[in-house]
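All chains, full assembly: derive it from the sequences and hints.
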Amino acid sequence: SQTIHQWPATLVQPVGSPLSLECTVEGTSNPNLYWYRQAAGRGLQLLFYSVGIGQISSEVPQNLSASRPQDRQFILSSKKLLLSDSGFYLCAWSAESSSNQPQHFGDGTRLSIL
Amino acid sequence: AQSVTQPDIHITVSEGASLELRCNYSYGATPYLFWYVQSPGQGLQLLLKYFSGDTLVQGIKGFEAEFKRSQSSFNLRKPSVHWSDAAEYFCADGGGSNYKLTFGKGTLLTVNP
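Taken in sequence, the protein lines are chains R and D.
1 is the number of the first residue of the first sequence in the numbering used here; add one for each residue after it.
1 is the number of the first residue of the second sequence in the numbering used here; add one for each residue after it.
Simulated from the structure, these hints should not be mistaken for lab results.
The structure displayed is predicted, hence computed values, not measured ones.
A virtual CB, placed ideally from N, CA and C, is assigned to each residue, including glycine.
Here chain D is said to cover these stretches of chain R; the calculated rule only asks that three of the stretch's residues, wherever they fall, bring their Cβ under 8 Å from a Cβ of chain D:
| no. | segment |
| --- | --- |
| 1 | 44–52 |
| 2 | 102–111 |
Subject to a maximum C-alpha distance of 30 Å in a straight line, what follows is the list of computed DSS-like cross-link-like pairs (lysine-lysine):
| no. | chain 1 | residue 1 | chain 2 | residue 2 |
| --- | --- | --- | --- | --- |
| 3 | D | Lys68 | D | Lys105 |
| 4 | D | Lys105 | D | Lys49 |
| 5 | R | Lys80 | D | Lys105 |
| 6 | D | Lys49 | D | Lys61 |
| 7 | D | Lys100 | D | Lys68 |
| 8 | R | Lys79 | D | Lys100 |
| 9 | D | Lys100 | R | Lys80 |
| 10 | D | Lys100 | D | Lys61 |
| 11 | D | Lys105 | D | Lys61 |
Take a look at the structure:
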């Protein structure tokens with residue numbers, strides 16, 4: 001069966017520090033991968049998605065970037081964190097292609113910026 | 001642009017009562033609809049999905065949803081709510097996109113003892 005892992009579960013970082021959040025998927029090949037941010041009371045905001053190694057689509061301009069160095073690895077990064085980067089970050093995967101595939105979510109990373 | 005509307009931000013029900021959470025989608029062609037549940041501090045868990053066929057779909061944890069094209073709705077129901085159902089519920093539509101889901105803003109469910 002497929003599993004998705006996100007780490008760390010919680011992170012407290014000072015303003016201006018770098019960020020690296022990692023997500024890996026097991027039990028499937030060539031998944032679509034997604035990064036979301038969830039701010040309190042604002043629902044889910046899609047940040048990035050990837051349909052293959054090295055292929056990243058950005059949904060909103062921001063202080064963050066994403067990379068997919070391996071088929072089942074998705075990394076969310078920042079060079080200098082802002083206070084507004086605080087939130088709950090979720091990684092998700094879906095089977096490749098077609099819109100009738102559900103997305104499956106990791107347990108999330110709670111990021112607090114001080 | 002495609003949108004998913006969950007009209008109720010917060011719903012409170014008593015344990016044992018029936019539940020209906022509303023969801024309306026805007027995509028005009030064939031929608032691919034999903035309901036997810038999120039407990040505090042956790043990721044989203046898929047409850048059920050609708051692609052085609054029988055308009056009443058069964059999911060996990062005793063939930064069901066009914067697709068009504070004439071009303072552009074996909075409401076989630078449960079006949080008897082348990083305290084453990086307290087969570088936030090999200091409706092999503094994958095129609096019109098090969099990769100992305102459009103999520104509603106969620107409905108927070110509180111269950112009173």
